[in-house]
Every structure is written in C-alpha cells, then in structure tokens.
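Top to bottom, those sequences are chains A and B.
Taking UniProt numbering, the leading residue of the first sequence gets 1, the next gets one more, and so forth.
Taking UniProt numbering, the leading residue of the second sequence gets 1, the next gets one more, and so forth.
Check each hint, because a few of them may be wrong.
Copies of the same chain look alike in the list, so a pair counts if it works inside one copy or between any two.
Calculated cross-link-like contacts (lysine to aspartate or glutamate; reagent style EDC-like; alpha-carbon spacing at most 20 Å) [as the list claims (entries may be wrong)]: (1) Lys388 - Asp310; (2) Lys130 - Asp389; (3) Lys137 - Glu253; (4) Lys106 - Glu253; (5) Lys130 - Glu455.
Simulated from the structure, these hints should not be mistaken for laboratory data.
Protein chains: 2
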Amino acid sequence: MAASFGVCRLFYLGLEPQTQRRLASTISAIKAQTGNKTARAAKEDKTFQAIQEERREQAERSVLISCPPRFSEKKFLDYLSKHGTINKHFFYSSYGAYAVVEFSSKESIASLKENTNIPAVEHEAAVPFKSRLLSLKWPGSQSNNQPVPNFQEQSPPSIGDITQLLSEKDSVDEQLQCLTGALQLTEENISLRFLVCSLLGDIAGAYFPECIIRPFGSTVNSFGKLGCDVDMILDLDGIYATSQKKGSGLSLEYQVKRGASERAVTQSILSVIGKCVDQFGPGCVGVQKILQARCPLVRFSHQPSGFQCDLTANNRVAMKSSELLFLYGQLDPRVRHLVFSVRCWARVHNITSSIPGAWITNFTLTVMVVFFLQQRNPPILPTLDQLKDLAGPSDKCVIEGNDCTIVSDLSKITLQKNTDTLEKLLQEFFEFYGNFPFNKASINIRKGKEQTKPETTALYIQNPFETTLNVSKNVNATQLERFVKLCQESAWLLQKREILNRSSSQSAESVLPWGFAALLLPSVTSGTGVKSRRKRKLEPASSRIKNLLDSLKIKGGETVAKKGSTNPSR
Amino acid sequence: MAASFGVCRLFYLGLEPQTQRRLASTISAIKAQTGNKTARAAKEDKTFQAIQEERREQAERSVLISCPPRFSEKKFLDYLSKHGTINKHFFYSSYGAYAVVEFSSKESIASLKENTNIPAVEHEAAVPFKSRLLSLKWPGSQSNNQPVPNFQEQSPPSIGDITQLLSEKDSVDEQLQCLTGALQLTEENISLRFLVCSLLGDIAGAYFPECIIRPFGSTVNSFGKLGCDVDMILDLDGIYATSQKKGSGLSLEYQVKRGASERAVTQSILSVIGKCVDQFGPGCVGVQKILQARCPLVRFSHQPSGFQCDLTANNRVAMKSSELLFLYGQLDPRVRHLVFSVRCWARVHNITSSIPGAWITNFTLTVMVVFFLQQRNPPILPTLDQLKDLAGPSDKCVIEGNDCTIVSDLSKITLQKNTDTLEKLLQEFFEFYGNFPFNKASINIRKGKEQTKPETTALYIQNPFETTLNVSKNVNATQLERFVKLCQESAWLLQKREILNRSSSQSAESVLPWGFAALLLPSVTSGTGVKSRRKRKLEPASSRIKNLLDSLKIKGGETVAKKGSTNPSR
C-alpha cells in the first residue's frame with residue numbers, strides 16, 4: 001500500500017492547487033488509517049465492550065480546547081503539562097481550530113479546571129457552566145508569528161477526489177482497500193466522538209452521576225464514515241446497579257418523581273437534558289427535542305467537533321446491533337471493504353439518502369452485505385445462530401424478551417478458508433442482488449438463509465435481534481427496483497470487463513475513472529444521470545411534494561427530516 | 001413564663017377536645033421557643049453571616065425522611081446511627097410524617113445514600129434522581145403496634161387560639177412576649193427551611209457546584225412567622241471567586257453560553273432549574289416560572305415541608321436588608337415583640353394581605369416599627385447611618401453602586417437606656433402613626449428622621465439601601481387611610497383602659513379577650529366588622545373586580561397572585 005501512495009503523490013502534483021490540497025489531506029487520512037491498522041490489530045483480542053470502555057475512559061481524561069489559528073505546539077503542550085502527563089493529543093480544524101488533549105490521569109483535568117478562568121469581561125452575561133470545553137488565550141500579538149500546527153482532517157474526501165484517487169490504483173482490490181482507508185473514521189475522529197459523548201455525559205451526569213452517554217451505531221460498529229452523525233444512548237443502568245439491597249428489617253428508599261410510564265419518564269429526562277444542553281452546553285446549537293418519536297430523542301449540533309448528535313435513551317438493542325456489526329467487521333477485512341464500497345456506490349447513486357424516507361438505509365445495506373458473504377461457498381461469515389452457539393455464559397443477553405446473545409471472544413470463531421478477491425466479491429454482490437427473488441424471499445442473517453417473506457412489503461430483512469421486525473420496512477417498491485436495476489447495471493459493467501482495463505498510457509492530468517471508480521459515474525437508470533435529472537425537473541411540483549410527504553409519513557412520529565448533507569459522498 | 005404555662009394548662013382543660021389539641025400544640029411550640037431563647041442568646045456573639053453559614057452547613061449534613069405514622073423512634077435512630085453520629089433530629093407532620101436528621105459528618109450522608117434503594121417495583125417509570133429526601137420502609141405489619149413519636153408543630157396557631165392564649169396572661173407585656181413565642185419560627189422550623197434550600201441546592205449545584213441557595217427575608221431576619229414562605233437566592237458568586245487568575249503568558253478560559261444580558265442569563269438559569277425542580281425534584285409541585293417579573297423567580301410548593309418557595313437570583317440587596325432587620329431584632333427584645341404584635345394586629349384587620357396589591361406589606365410595617373423605636377426618647381434603636389459609622393473595614397459592602405455597609409459585630413453597638421414597657425410602646429406606636437403627617441413627611445430609618453416627601457405617593461418610606469426607592473410605593477391612599485384609622489381606634493381603645501382590665505372573676509370557659517387580645521377583635525372601621533363585611537357584599541361585583549385588577553397592576557410584571565392563605569392569622 002505504501003507503494004501506491006507514491007503513485008498518488010506523483011500523480012497529484014499535476015492537479016489544481018485546491019484539488020492537490022484536498023487530495024493531500026485525503027492521503028494523510030489514509031496514512032493515519034494505515035497506522036491505525038496496527039492499533040486495530042493490537043485491539044483484536046479485546047472484546048467490543050472492553051474497547052468501548054477503554055475509549056470512554058480515555059475520553060474522561062481528555063479536554064477539548066479552542067485554539068488560535070497559529071500557535072506554538074511546544075509552548076501549548078508545556079503549558080498543559082504543568083497539570084500532568086499528556087498521553088495523546090491532536091489538532092483539527094472545524095468551526096475554528098481545536099486541540100484534543102488526553103491526560104494520563106483524571107486528576108489533571110481537575111487541576112487544569114482550577115486554573116481556568118471564566119470569561120471576565122462579560123461574565124455576568126454568560127452562563128458560568130464549567131465544562132471541559134476550553135479556549136486557549138495566546139497573549140497579545142504573539143500569535144501571528146507562530147507556526148500552524150498540523151491540523152487533522154475530520155471530513156470525508158469529496159466524490160471527485162475519491163474517483164481520482166481510486167483511478168490511480170492498480171487493481172480493484174487496491175481500490176476498495178483505499179476507499180475504506182479514505183472514508184473510515186480515524187482513531188482521532190473516534191476519540192473526538194467519545195469526547196463529545198463524555199462532555200454530554202457531564203451534563204446528564206449532573207443529575208444522574210452513575211449514568212453513561214455511550215456512542216452506538218456507526219461510531220463504534222467499525223463501518224462509520226467520516227462526517228457521519230454521532231448516535232448516543234443515555235445509559236441509566238448504573239443507577240440501579242448499586243442499590244436494591246433488601247433486608248428483613250428497616251430500609252430506606254429514595255423519594256422520586258413518578259411518571260405515567262417508562263416512556264413518559266424517558267421523555268421527561270431527555271427533555272430536561274435537552275434544555276440543559278440548549279441553555280448551558282457551550283458549543284451546542286440547534287437543539288431539537290423530538291420526544292414524540294417512537295424512540296424519543298434530542299438532536300443537536302456540537303459546533304466545536306462539527307458533529308450532528310442524536311441522543312436517545314433505553315436503546316440497548318441498538319447497542320447490541322452495533323456490537324454484532326463490529327464483530328462481523330473484525331472477522332475478515334473484506335467485510336469492511338465491501339461494505340464501505342457498496343455504501344459509497346449506493347450513496348453516489350442516491351440509493352441511500354441523508355434524509356429519512358423510503359430509501360434503503362446504510363444498516364439495511366450492511367445486513368445485505370453480511371447475508372451475501374454468508375452465502376459464499378465456503379461462507380466468509382458465520383450466521384448469527386452460530387455466533388450465539390459459540391457464546392459463553394457471560395455473553396448471555398436478553399433485552400425486552402429478545403435473546404441477543406452473541407459470542408464476545410472473537411478467537412472462538414473458526415472461519416472457513418475462502419480466498420475470493422474483493423473484485424470477485426463485488427461483482428458477485430451485484431449479481432446476487434440483481435437476481436434476488438425479493439418478491440417472495442426474505443433475508444435472514446440469523447439463519448444465513450433466504451426465507452419465505454412473512455409480509456408483502458417490498459423488501460423484508462429480518463431484524464437480527466428483534467426477529468419479528470423488518471429492518472427495511474420503510475423501503476418501497478420504487479426504491480427497491482432502483483437498487484436492483486443498479487445492481488444489474490453494475491454487474492453488467494463489471495462483466496463487460498471494459499471498465500476493468502486501466503490504460504497505462506494515460507497522463508496524470510487526464511486519468512480516466514476505471515474499475516470501481518467507473519461504477520461511481522452517473523448512471524442512466526439510477527436517476528443520477530443527466531437525462532433522468534432533467535426528467536425529474538419536468539415532474540410537477542405537486543407530485544414531488546406528495547412523494548416527499550409520503551416518504552416522511554413512513555417514519556411515523558419522527559417527521560423532522562435530517563438536515564441534507566452538502567457533501568455528495570456523505 | 002413557666003408559671004403562665006401552668007395557667008394555660010389549667011385553663012384549656014375546660015375546652016373542646018379539638019381546641020385543646022390546638023392549644024396544646026401552641027403551648028408546646030412556645031415551650032420549644034423558650035428553649036430557643038437560650039440557643040439564641042448563645043448565638044448573640046456571632047455575626048449574621050456566621051449564623052447563616054452554620055445553619056447552611058448543618059443542613060448539608062441533614063436528610064429529610066418520610067416516615068410511617070407510627071414507628072419506634074429508637075429503632076429508627078439505631079438504624080440511621082449505623083451511618084454515623086446523629087447530632088440532632090426531630091419529627092413533624094405535614095402531608096404525612098417526616099423526620100429531619102442531622103448527622104455530625106457529611107460522610108454519613110454518602111454512606112446512607114449507598115444503602116438506599118430506588119423504589120423497585122415501578123423503577124422504570126420513576127426518575128432515578130437520588131436526593132436527600134428519603135422514605136423509611138417499616139417491615140410488614142409491624143408498624144401498627146408502634147408508638148407515635150412526638151411530632152412538632154410547624155403551623156402557626158389560629159387567631160382564635162391566640163386570642164384565648166393571650167387572654168390568660170397577666171399583663172400586656174406578657175401577652176406580647178407570648179405572642180412572639182407562639183408565632184415565631186422555631187429552631188426546628190428554621191432548620192427545615194435551610195434543609196429545603198440545601199435540597200434545592202443539590203439540584204442547582206449539579207451544574208454550578210460552587211453555587212449556594214441561601215434563604216433570605218423572613219426565614220433569617222428574626223421576624224419570620226410559622227407558615228411564611230421561604231424566599232431563596234441562587235448565589236453564584238462562589239463560581240467567580242475561584243478563578244480570574246491572570247498571568248502574562250498563556251491562559252485558559254471556559255467556553256460558555258452567552259446571553260444578551262445579565263437578566264437574560266438569570267432567566268435562562270432559573271428556567272432550567274425550574275424545569276429540573278418540576279421534572280426531577282421529589283416532592284416539588286406546582287412549579288411556576290415567573291421569569292418576566294422585575295426580579296425573575298421560580299415558585300414551587302415543597303410538599304414534604306409544606307413550604308411555598310420563591311427562588312430568585314442576584315438579589316444581594318435583599319439579603320443585606322435581611323441582615324439589617326436581624327440586627328435590629330437582636331439589639332433589644334422589645335423590637336421583635338412589637339413587630340410580631342403589630343404584624344399580627346395588621347393581618348387580623350386586613351391591613352396586610354397574603355396576595356400582592358395596594359396593601360401595606362410586612363416589610364413596610366417592620367420598617368415603621370423600627371422608625372418608631374428610633375423616635376423614642378431616649379431612642380431604643382440606632383439609625384442606619386449610626387450602624388454604618390460603627391462598621392469595620394471587613395463590613396464594607398457596595399451592591400450595584402449602593403453603599404450597604406452596616407456593622408456586623410453587635411457588641412460595638414451601645415444602646416441608650418430606655419425602660420419603656422411593651423404596653424407603653426404599643427400604645428405610643430398607635431398614637432404615633434395615628435397622627436403621623438403622611439401627606440407631607442416620609443419615613444427614613446437611615447437618618448432616623450421624618451423628611452419631606454420627594455413624591456406624592458400616599459406613603460413614602462425610603463428603601464434603607466436603595467435610597468432612591470420607596471418601599472411602600474404600592475400602598476394607595478385608601479389602604480393608608482384604613483391603617484391610620486385603625487391606629488387611631490386602637491390607640492383610643494388602649495387610652496380608654498377598659499380593655500386593659502382583666503376580670504379575675506371570669507371562669508376558664510368564658511374568658512373575655514382583654515389587653516392586646518381585645519385589639520384583635522373585629523373593628524368597625526377596619527372592614528373586619530360584621531357591618532362593613534355586609535357592606536362589601538352589596539358592592540357590585542364589577543367594582544370589586546376592578547379593585548382587584550388595579551391592585552394586581554401595581555405589581556408590574558408579576559401578575560400571578562400568591563395563593564391566599566386559609567389561615568386568617570397568616
């Protein structure tokens with residue numbers, strides 16, 4: 001892989017300065033990820049829970065500091081080191097420049113806070129809530145002469161940059177590996193996500209000291225893409241864990257406010273936390289309390305990190321689903337490469353969307369990739385039932401009546417030898433779903449088998465843990481049809497093999513997209529082509545609005561659409 | 001005073017059982033107060049601040065426990081003593097039976113909380129906020145056979161009980177002393193008030209750890225009556241006190257939410273605390289956020305204590321006024337006796353009211369008593385300027401440009417010898433204000449002199465610290481006239497001396513109100529007499545409603561009327 005970086009470097013010297021800068025940051029992100037590989041490998045013997053716990057604990061020892069655009073990294077670190085040993089640190093720019101600094105001990109945070117001022121001039125017009133989001137004050141005019149530290153990229157590369165980058169690779173396998181490296185969350189980005197959860201935990205922990213704000217979904221399932229939302233759970237289980245001692249004699253109980261139901265109490269707690277985030281939480285803006293949704297949530301933007309955050313409560317199945325995906329992602333590197341590629345391909349062709357509706361979701365796509373890999377011969381991934389059978393007594397997990405047990409010790413899992421290339425798997429994926437009998441069969445990763453559809457919905461994918469539910473209930477026939485047609489088209493393009501020929505005579509300036517990059521070009525059938533875009537424009541507005549309304553209805557209570565991303569590759 | 005209790009005891013044996021019970025509780029309250037005298041005397045060398053600080057610190061070591069109606073005090077204390085030494089405890093009944101338990105160390109609270117359960121059965125429909133308001137669970141049916149502990153009275157006696165009680169006294173001076181004893185806050189009640197502030201402080205302290213919820217007004221000014229509201233200030237000064245270090249080099253600042261003004265931030269903070277109290281605060285009901293008032297406040301009922309609470313912020317002048325009244329109350333016992341008597345007399349005759357409006361307030365009445373005592377020859381109380389002149393350097397206090405300096409060390413104050421009896425002072429008070437030139441003179445306790453009225457308002461009493469303000473701006477001519485007429489009538493009744501003769505031949509059953517008790521009987525001029533009550537009934541409803549609206553308007557932003565008390569003596 002180091003060799004291919006060399007090629008990229010030579011290649012991008014001929015590009016526009018702006019494109020050069022973007023590509024440089026992409027490559028540095030990929031390099032960072034290459035470094036991560038080692039870190040990830042070292043973590044492979046740890047369970048999902050152990051990794052999350054370690055990251056959470058690191059976040060609790062960390063601070064987020066707003067910095068001037070230029071400053072001496074050395075002076076900055078010397079200043080902070082007065083309060084204790086610094087384990088790790090990095091800089092990034094979002095709405096301004098920021099540093100994440102992880103101390104080796106939590107006491108350093110207390111010492112640092114003791115020496116931190118409340119903004120003096122306007123202090124009476126500011127809410128004096130002392131969080132771990134600080135600002136570095138550089139004395140006077142000294143800042144101008146300072147160097148610019150190495151700010152790490154926290155956004156994904158644009159689709160244009162990706163296409164160029166991939167076209168320089170020598171094989172489809174290299175392309176898919178490179179794509180994963182360019183899109184996946186960096187170690188630093190994951191740290192920042194845990195830090196934002198930890199900062200929010202300080203707000204929630206004010207009333208519920210034993211509570212933990214845990215990230216779930218893409219932040220932890222190993223399939224997260226740079227720029228994706230941070231999904232969080234308010235985990236209150238620790239509160240109950242410490243008490244409930246019963247004797248035969250006298251006992252004491254806390255007097256507590258009662259709610260009409262667990263849901264009402266969840267709404268109440270989220271409502272107060274939402275208000276606190278809104279009024280006290282520095283850098284937290286655009287707070288929306290979406291409490292009437294099936295799963296009540298508080299949504300807000302955390303400006304210093306640039307993250308869109310969704311806080312829910314009592315969502316333990318979602319956390320278990322994250323663990324399951326993480327586990328599948330760890331078993332074979334091809335899983336993540338294929339998932340990242342299929343998701344990128346789907347996003348470019350508007351198969352998935354950043355707003356809720358009848359579109360196929362990333363989770364659905366991931367389950368489809370897992371199912372496809374279970375169907376290989378020999379299978380690349382075990383079934384969920386096999387993961388359950390390997391589980392030890394401590395892995396036992398039942399959530400609201402659903403058996404969510406899976407093995408946590410990856411070393412117990414023996415995989416069969418399958419040496420298929422990524423290129424082969426990609427082609428077979430498109431063929432598999434281009435010809436899948438969606439009209440009668442459902443997808444079931446628990447059994448690893450097609451099953452008869454229990455309902456007449458367009459697409460039926462059994463929820464892995466809540467087995468009576470369909471994870472793709474939202475998908476309508478039109479969207480499924482678009483997906484199938486695109487699979488067929490991509491399979492056909494790969495079968496033709498024309499796009500697999502990389503012309504070596506091309507100069508760096510005029511490299512043509514080939515291989516996987518060619519699959520990202522606008523399609524005639526997908527609605528991303530010029531023709532169909534024009535066709536859509538001619539549709540009467542009323543019909544487009546009706547479709548939008550229909551798609552919003554499907555989500556039930558949650559009618560507030562996510563903000564559309566301006567980044568087409570998001 | 002012990003002898004007179006004996007008289008009371010003999011006397012009330014002849015009464016209805018219900019009246020007997022009420023009187024018994026009144027007398028026990030008075031007895032408790034007699035005990036308090038010693039406690040108060042011991043505290044006399046302490047400054048106001050030191051006393052408040054001591055009470056606050058005691059409250060932080062205390063818990064409030066809901067109890068069954070019958071239980072063994074010994075077993076209860078044995079159970080709690082496992083967690084540390086108990087300094088003090090008492091029981092009272094309000095909405096149910098409660099215990100206040102003060103440990104000698106704060107660690108005992110932590111230990112106790114460790115061993116306290118969250119209600120188990122419905123735990124998912126309860127907000128698991130762990131406060132210091134607990135419930136004692138007595139095992140099974142054992143409770144029925146247990147004794148009833150000594151529950152202390154926390155409500156004031158009714159006006160009927162007071163009249164009977166006073167009529168048994170042998171002199172007007174004894175009557176006024178007895179009245180103070182019956183109405184004033186008990187040590188236990190003050191402890192309970194500080195505890196409620198401390199419990200609320202736990203809620204506010206979640207976000208502002210250095211903040212303190214301080215009671216002010218009647219809870220601390222030594223003129224508080226059983227059943228009066230708890231006025232609280234959210235004091236955030238401690239937050240700023242710890243920081244604001246400045247060096248020449250790098251420094252760190254907290255990132256904080258900005259508000260448009262200090263007022264906007266106060267509203268925001270009170271709004272969030274109000275929401276937290278409403279949603280999380282056990283026992284807190286009827287939360288009203290009155291944020292648009294001149295002084296934004298959160299009002300709520302704390303059911304376990306039975307207190308109506310008003311939480312404001314940034315109200316340091318109010319705290320200083322409390323200190324001033326406290327100081328005047330400590331200088332000579334006659335001050336408190338006269339204030340309690342005049343306030344009781346005013347309340348019975350509807351000169352004061354529990355709803356906001358054009359009525360004279362308790363604070364106004366107290367300042368009038370202070371001014372009257374400054375006018376005696378020789379003066380019983382020093383002027384505010386004299387108290388300022390005696391102040392030491394550490395007493396210096398300027399709040400928002402107003403010099404609020406007063407001496408804190410009472411031993412520095414030398415009083416002139418004045419041996420007037422309470423009877424004489426009461427009569428002179430009525431004569432003084434029955435003849436006061438309210439039309440042209442204003443009352444000024446800072447100078448201790450009448451001054452020319454700077455405005456044409458009916459009653460002008462200079463605010464002691466904010467000297468450009470009139471504390472009685474709300475009072476209209478009608479209300480002032482009623483006050484003056486009642487003063488004249490009471491002065492006349494006392495001058496006639498008929499009511500001062502206690503007929504010794506009266507039997508216990510038919511004791512006639514005499515002395516001060518006779519002044520509490522309905523008056524012809526005051527509007528409490530039968531005749532005028534009938535007259536009011538004939539007033540058209542529209543006129544009564546107009547008056548009510550007028551009186552509400554006077555309070556400006558604050559249009560939410562206080563709940564009327566059902567206790568006529570409140």
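Hint check results:
no.	hint	in the structure
1	Lys388 - Asp310	neither (30 Å within a copy, 57 Å between copies)
2	Lys130 - Asp389	neither (48 Å within a copy, 40 Å between copies)
3	Lys137 - Glu253	between (48 Å within a copy, 7 Å between copies)
4	Lys106 - Glu253	between (32 Å within a copy, 19 Å between copies)
5	Lys130 - Glu455	neither (53 Å within a copy, 47 Å between copies)
Of the numbered hints listed earlier, those contradicted by the structure are 1, 2, 5.
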